[in-house]
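In our numbering, the protein residues as written are 1 to 232.
There's no promise every hint is true.
Unchecked claim - Only pairs whose alpha carbons sit at most 25 Å apart, straight line, appear in this in silico DMTMM-like list of lysine to aspartate or glutamate: (1) K142 / D198; (2) K142 / E67; (3) K208 / E82; (4) K208 / E67.
No lab work stands behind these hints: they were computed from the structure. Here the structure is a predicted model, which is why all the values come from computation and not from measurement.
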Amino acid sequence: MIRASRQQESQQSVTVHGMADLMTSLAVMFLLLFVAVPWRPPAHQLPVDQTDSPAELTPVASILAEELRPFGLAPEQVDASELMVVMPEALLNFEFGRSTLSAAALRYVAEVMPIYAGAVCGAIRDRIESIVVEGHTDDVGKDAANLKLSQARALAVLVASVQAIEVADPASAGCFQSLASASGRGRQDLVYIGRRIDRDQSRRVVFKMRLRTPHSPAPSTLPSSSPLAQSS
Numbered sequence: 001m002i003r004a005s006r007q008q009e010s011q012q013s014v015t016v017h018g019m020a021d022l023m024t025s026l027a028v029m030f031l032l033l034f035v036a037v038p039w040r041p042p043a044h045q046l047p048v049d050q051t052d053s054p055a056e057l058t059p060v061a062s063i064l065a066e067e068l069r070p071f072g073l074a075p076e077q078v079d080a081s082e083l084m085v086v087m088p089e090a091l092l093n094f095e096f097g098r099s100t101l102s103a104a105a106l107r108y109v110a111e112v113m114p115i116y117a118g119a120v121c122g123a124i125r126d127r128i129e130s131i132v133v134e135g136h137t138d139d140v141g142k143d144a145a146n147l148k149l150s151q152a153r154a155l156a157v158l159v160a161s162v163q164a165i166e167v168a169d170p171a172s173a174g175c176f177q178s179l180a181s182a183s184g185r186g187r188q189d190l191v192y193i194g195r196r197i198d199r200d201q202s203r204r205v206v207f208k209m210r211l212r213t214p215h216s217p218a219p220s221t222l223p224s225s226s227p228l229a230q231s232s
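Please model the complete structure; the sequences and the hints are all you need to start from.
Right under this line is the structure:
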């Protein structure tokens, strides 16, 4: 009886020691894993300079500047999401009260705009949200009349641009139309020389480009029947 009790106690002791050895081995394994694999915080908790980011993209302004340099044009960075290209005043300025492009202006548009469209509809297409052709007037006359006149000037340049692109670079015509629109600003954003309004330079058209943000929807393609393509 005494011998059986001692055997039972011996077996229990062996079991306890075995469990202790197993727990010790598991603890050592977890410790080794913890040391071998460095801890990395979640991506949203990392400082900006530690997150995995794609290679830096060439700025859109630099790409456009390279394409437009032969024409003496240089995009201006208005802010982080907007570029502006001001066409030469001597070519795209308008006579007082008129929205008709001169023969020299039409030739210039025919030369420049296919290059411009080819650039924006190429490798940087998915980085561009929209292009606005803005028409401007001087400070003479009523605001309502100036708004209408500036809209007519912007539309005249846009239509001439589309026609030139369709002839010289048909592949970019649909893309350009899907991006571009015309806007009349009236007497807003007058051009000053010192404190004096320069009325000749105020009567102008500028191209403004809005760049896409990370939350912008994906660019869409232009339907085959666009309003500009249908106009006669």
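Could you tell me which of the hints above the structure violates, numbers in ascending order?
-> The structure conflicts with hint 2 only, although it agrees with all the remaining ones.
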